[in-house]
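Assemble the complex: chain A is given as a structure, and chain B must be docked to it using the hints.
Protein chains: 2
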Amino acid sequence: MVIPNHHYADLKGSYLFRGISERIQQYLRQNPDAHLLRLGIGDVSLPLCPAVIEAMHKAVEEQAHAETFQGYLSECGMDPLRETIAEYYRSRGIAIDADEVFVSSGASDELGDILHLFDRSTISLIMEPAYPAYTDANIMDGRPVQYLSASSENGFLPLPDESVHAGLIYLCSPNNPTGAVYSHDQLKLWIDYAKRNQAVILFDAAYEAFVRDPSLPRSIFEVPGAETFAIEICSLSKTAGFTGTRLGYTVLPKTLCADGMNFHDMWIRNRTTRTNGVSCIIQKAGLAVFSPEGQKQIQDNLEVYRKNAECLMRALDEAGIWYCGGKNSPYIWMKCPSGCTSWEFFDRLLNEIQVIGTPGSGFGPCGEGYFRLSAFGDAGEIAEASSRLKQFLLR
Amino acid sequence: MVIPNHHYADLKGSYLFRGISERIQQYLRQNPDAHLLRLGIGDVSLPLCPAVIEAMHKAVEEQAHAETFQGYLSECGMDPLRETIAEYYRSRGIAIDADEVFVSSGASDELGDILHLFDRSTISLIMEPAYPAYTDANIMDGRPVQYLSASSENGFLPLPDESVHAGLIYLCSPNNPTGAVYSHDQLKLWIDYAKRNQAVILFDAAYEAFVRDPSLPRSIFEVPGAETFAIEICSLSKTAGFTGTRLGYTVLPKTLCADGMNFHDMWIRNRTTRTNGVSCIIQKAGLAVFSPEGQKQIQDNLEVYRKNAECLMRALDEAGIWYCGGKNSPYIWMKCPSGCTSWEFFDRLLNEIQVIGTPGSGFGPCGEGYFRLSAFGDAGEIAEASSRLKQFLLR
Chain A
0 MVIPNHHYAD LKGSYLFRGI SERIQQYLRQ NPDAHLLRLG IGDVSLPLCP
50 AVIEAMHKAV EEQAHAETFQ GYLSECGMDP LRETIAEYYR SRGIAIDADE
100 VFVSSGASDE LGDILHLFDR STISLIMEPA YPAYTDANIM DGRPVQYLSA
150 SSENGFLPLP DESVHAGLIY LCSPNNPTGA VYSHDQLKLW IDYAKRNQAV
200 ILFDAAYEAF VRDPSLPRSI FEVPGAETFA IEICSLSKTA GFTGTRLGYT
250 VLPKTLCADG MNFHDMWIRN RTTRTNGVSC IIQKAGLAVF SPEGQKQIQD
300 NLEVYRKNAE CLMRALDEAG IWYCGGKNSP YIWMKCPSGC TSWEFFDRLL
350 NEIQVIGTPG SGFGPCGEGY FRLSAFGDAG EIAEASSRLK QFLLR
Chain B
0 MVIPNHHYAD LKGSYLFRGI SERIQQYLRQ NPDAHLLRLG IGDVSLPLCP
50 AVIEAMHKAV EEQAHAETFQ GYLSECGMDP LRETIAEYYR SRGIAIDADE
100 VFVSSGASDE LGDILHLFDR STISLIMEPA YPAYTDANIM DGRPVQYLSA
150 SSENGFLPLP DESVHAGLIY LCSPNNPTGA VYSHDQLKLW IDYAKRNQAV
200 ILFDAAYEAF VRDPSLPRSI FEVPGAETFA IEICSLSKTA GFTGTRLGYT
250 VLPKTLCADG MNFHDMWIRN RTTRTNGVSC IIQKAGLAVF SPEGQKQIQD
300 NLEVYRKNAE CLMRALDEAG IWYCGGKNSP YIWMKCPSGC TSWEFFDRLL
350 NEIQVIGTPG SGFGPCGEGY FRLSAFGDAG EIAEASSRLK QFLLR
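If you read the protein sequences in the order shown, they are chains A and B.
Numbering that gives the first Met the number 0 numbers the first residue of the first sequence as 0 and each following residue consecutively.
Numbering that gives the first Met the number 0 numbers the first residue of the second sequence as 0 and each following residue consecutively.
Take these hints with a grain of salt, some might be off.
Put simply, identical chains are the same to the list, so a pair is met inside one copy or across any two.
[To be verified] BS3-like mimics (lysine-lysine), calculated; alpha carbons at most 25 angstroms apart, straight line: (1) K11 <-> K253; (2) K11 <-> K187; (3) K389 <-> K326; (4) K389 <-> K306; (5) K57 <-> K283; (6) K334 <-> K389; (7) K326 <-> K187; (8) K253 <-> K194.
Derived from the structure by calculation, the hints contain no laboratory data.
These figures come from a predicted structure and were not determined experimentally.
Okay, chain A solo, but in the shape it has when bound:
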């Protein structure tokens, strides 16, 4: 007899972005001519950079000819790409071997897949507000979850609570949704906590490329000791506009062990059994991202998003609204005005100034009363949204 995985029944019914989409659809039915300024879902708006496009055309052409045709791939990633990513770390003073880099289809895929390494009795610790899939992936596994709440008091950067004994710790820095970034010292406290609790940190570095303050870490492996307690999960989605092209990578050090088992060996075994690797065409696109030309071109795109964030921050500053993020992150996490709930603020922005954002309460209860703005939109639309937002908030 087949027994379904009953943990799916423990998932909550609705999903944040589906709820937003339904309200937008309803609004557009009543106002079919409305033009909405979308600062909601964190999708990029700029096309892929020329170096990546050129590399993909070449990769496609290679699949057309027997001499260059690529069949089955190394499951953990193509060697040149793994080597290039290791070099990307080494250029920042972080000693990573190429075989500690695993190519993935993206961070969202990897964040679920990597959980297979851990027994379902391991307690996961999630800082809220959080990307909803962290929680859902654990609930679907039947893994117990504990939460640590962020707030404006701790700058939305919670630190270890010694009364909590977790085995898996999710850290996301720069954070989605708050845009807050942990310092070296703060990450050190988390590594020390992981050491005391024999825990593993899952470090979500999807937004590392947005850090511009050189004093802030872009990788947990900048902090000594992380190599025995952390796995870093990265993505090209936001760094290089790969949200629909799909590519990411994970750094899993050979020194990561627990209870006599080596997680690096286990992950190789997982990958060689459970996948045949990421498309060669997309991996070759990834190689182009890390070329000198590609790195220059993606910085030009990131600069557009950074300027968008500055424009939004200026509007909030001028309206006297509290926020964090924006400086080293594409997200701005603002306090809703005058005691508005997150969804009330969402509805007012939609109905009164046709601006879409993301209600903070969708990222966990302690997000109530906050609102996320994304800087990934078109520069002209962001400027218009900033202006409307400022006027709205100063009313």
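Frame of chain A, contents of chain B only:
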């Protein structure tokens, strides 16, 4: 405290294809000038067809311009591709809705991922000889596995054993490694067994495109009743040469339920939580495979592999060797001559005629004394290998 998934320790140490690779490396060190004829691992040799290449160039170019740029995708697959695949089924008289088709990165990824729907106490039934990842994916989950042995007596097509009560049944037809194909009547027996045992059939149809006998099923959904007991997992790897390009699809009917839970709803929830979908460039390549032009071009390629199989079968017929497969499959499963074990035969072919095949014992104990030949190689090399093989066997 983090607790590793200890089931990884239950995996056997070595992997079939790694073992083959090591012996080949050793031979080449001793015979650096040797040219080996490779009929081992089932990788394709022909490049992608022109319609697919053209579609990928177009898809790449679309990622270069803001007006056509594709960001986040529907996690379950792009609607046009899901609709096209549903139509591919409907054209063969099988009623499938587009939302019952899920786009995947390939069968090997999906065969592991789909297990998440089932409780780890569910017993899996695997017909041996089998693709080794079936077993390994279950062992890594800690799921109990029972085996049913195929043999020349049952034509390498085992039928239900009423004394075994499994919850998940793996069927692969045309089979890898044996090339044997279940008839409608035989699949009906398995569906009846699934019904009696409240089980789910995982039907691996990766080789369906090789069936040319119109009386044989290419999909389990050709058999009435399958829609409440089966999931069909398909791949473009062998059909269209996508082993390195990576694309597959799964048909999971809305009527598949157990214990009050609907597996279709669960799989949507899994995909929307655990992935952001398959690269838009690769999905557009998939659309081209199912275009009239693409379908014609892939048939031209399949015909090359079919002729290769005929060439190998002729050699075995002339040498009086028992085999199955080859007719509706790219694989030929031959009996090793004169009581040779599978690995002895491997070594003799490698050393004496420089032909590489796959030892049958690598697919399970009942594969001992058998050997798999793949017809995916270059036509000239297959002809040469057939000729050497015949002479070797007639000695």
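Consistency of the hints with the structure:
| no. | hint | result |
| --- | --- | --- |
| 1 | K11 <-> K253 | between (37 angstroms within a copy, 21 angstroms between copies) |
| 2 | K11 <-> K187 | neither (34 angstroms within a copy, 38 angstroms between copies) |
| 3 | K389 <-> K326 | within (19 angstroms within a copy, 72 angstroms between copies) |
| 4 | K389 <-> K306 | within (17 angstroms within a copy, 71 angstroms between copies) |
| 5 | K57 <-> K283 | both (9 angstroms within a copy, 17 angstroms between copies) |
| 6 | K334 <-> K389 | within (14 angstroms within a copy, 79 angstroms between copies) |
| 7 | K326 <-> K187 | within (22 angstroms within a copy, 63 angstroms between copies) |
| 8 | K253 <-> K194 | within (17 angstroms within a copy, 47 angstroms between copies) |
The structure fails hint 2 only (numbered hints given earlier).
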